[in-house]
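Spelled out from the first residue to the last, the chains are:
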Amino acid sequence: MNQHETFENIALTEWVNLARRHQAEGYRLVQMTGTARADYFEVMVSFDKDYRCANYRVHVPRDQPELPSLSAVFPASFTYENELKDLFGFTISGLALDYGGNFLRTKTKIPFSGDVTLKPAKSKKSAQENS
Amino acid sequence: MSKTTIVPFGPQHPVLPEPIHLDLELDDERVVQALPSIGYVHRGLELLAERHNFIEMAQVAERICGICSFIHSQGYCQGIEQLLGLKVPPRAAYLRTMWAEMSRIQSHLLWLGLSADAFGFESLFQHSWRIREMLVDMIEETTGGRVIFGTCKVGGIRKDVDAETLQRIGGKIREMESAFNEISHIFSIDRTVKQRTVGIGVLTAEDAHALGAVGPVLRASGHARDLRQLGYAAYGELDWEPIVETAGDCYARCIVRLREISQSIDLIKQCIDRMPSGEIEVTFKGKRPQGETMIRLEQPRGEVCYYMCANGGKNLERFRVRTPTFANIAPLVHMLKGCELADVPVILLTIDPCVSCNER
Chain Z
534 MNQHETFENI ALTEWVNLAR RHQAEGYRLV QMTGTARADY FEVMVSFDKD YRCANYRVHV
594 PRDQPELPSL SAVFPASFTY ENELKDLFGF TISGLALDYG GNFLRTKTKI PFSGDVTLKP
654 AKSKKSAQEN S
Chain E
4 MSKTTIVPFG PQHPVLPEPI HLDLELDDER VVQALPSIGY VHRGLELLAE RHNFIEMAQV
64 AERICGICSF IHSQGYCQGI EQLLGLKVPP RAAYLRTMWA EMSRIQSHLL WLGLSADAFG
124 FESLFQHSWR IREMLVDMIE ETTGGRVIFG TCKVGGIRKD VDAETLQRIG GKIREMESAF
184 NEISHIFSID RTVKQRTVGI GVLTAEDAHA LGAVGPVLRA SGHARDLRQL GYAAYGELDW
244 EPIVETAGDC YARCIVRLRE ISQSIDLIKQ CIDRMPSGEI EVTFKGKRPQ GETMIRLEQP
304 RGEVCYYMCA NGGKNLERFR VRTPTFANIA PLVHMLKGCE LADVPVILLT IDPCVSCNER
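Note that the protein sequences, when read in sequence, are chains Z and E.
Its first residue numbered 534, the first sequence is counted upward by one per residue in my numbering.
Its first residue numbered 4, the second sequence is counted upward by one per residue in my numbering.
Read the hints as simulated data drawn from the structure, not as lab findings.
Given the structure is predicted, the values throughout are model-derived calculations rather than measurements.
Just so you know, not all the hints are guaranteed correct.
As the list claims (entries may be wrong) - Ranges between beta-carbon positions, derived for each pair: (1) 592(Z) - 26(E): 50 to 56 Å; (2) 173(E) - 545(Z): 23 to 29 Å; (3) 633(Z) - 171(E): 55 to 61 Å.
Claimed, not checked - Covered by chain E, according to a simulated footprint, are these stretches of chain Z (three or more residues, beta-carbon under 8 Å): (4) 539 to 553; (5) 583 to 590; (6) 594 to 606.
Where is the CB? At the ideal position from N, CA and C, for every residue including glycine.
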């Protein structure tokens, strides 16, 4: 197996410039994903060129989940950014195609924000008793 | 002054075996904009990885999808093996490759049948699925399962295939090949198929790159990008080249899949002919995954990515799957813009959407 990959942490201020640089060098956008950590949100973006995958992470404060959109650089990013918006409650500035929170149909609004407490499922017996 | 109308497409629709929704904004019969929405059958399998033992999770990963099930477990196991620093034995790598190619054939034949049905070509639909059944029987003969193979495990494979069975499979794959060549010819030359697909849903090479298209959608637009070129499993030792078409329309995507079936048949034959002998797994008792990795494989629908992060515990800290269907939503939205309403089902089908993968 021959998977070439790198991981690097970057500052939020470098986010768009990094994408521009990669786009100019002929990279394509592979994916973008978010993770809710205890004190911050982590967003990871991956670019690929000649089967080499470069992954970059930024930390976004939980109380200010804002991220500039990469859609002007990589048009493919709009689906991932809408996903970040719907799942983590991000505000994405400059998003080319904003579905206004209607891209992912979730039962709970912003389910991965970290502020959601799931209710325990009712047992069959108690459900029957209530009906 | 023209007035636009919103027509809901899905989540239940004759061409959709699984739920995905599109709001089609129409000007008369022409699509002005398509607004997709997903999330109807989300299962939270990624979160399960944070709660289940990393060895058991291979079983769950296989259940992400019922069509490319084996490749999901293969990707998951490859990721864990990377984190553990394991190298699977050559025989396991060859058998993984053989089963992955069987998955590709059955997935493409399933898709060909569904598209023939969407064109209104019922007999071609039935023949595609008849041939697929021959392949599914071979999967059952070698793994014991028809949908979930259950043969991939961290460190290798769970079940070996004896030489006699491999020889029998070699004969059956040749029978299947001759049956497939007949329908492949019809798909390629038939007027009905061409009328519904040629020049429809064109995605240029530039747009395919910019919009992050993957798999047959990307290769039908002229890009020779296939993750199997990374050489994982036994691909680095087999003779093959990515299948590429240049027209970028629905017909080109159809032809790429047809040619990929022939290529997969050839790869299976090569695996059988060159099958190494020896062990089928390596042990890693007491070892636990640590670090992070991004494993990428070529599924029937395109590039799938598995991000895994582990801290030396028995569970993964983070597991993320980016499926090819998710990557192909952006190109789909672009292709639907400006098309006729009647072409929407055909264009949608030619990205071969797998909602089950998407809603992992």
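**Request:** Give me the numbers of the hints this structure contradicts, sorted from smallest to largest.
**Result:** 1, 2, 4, 6
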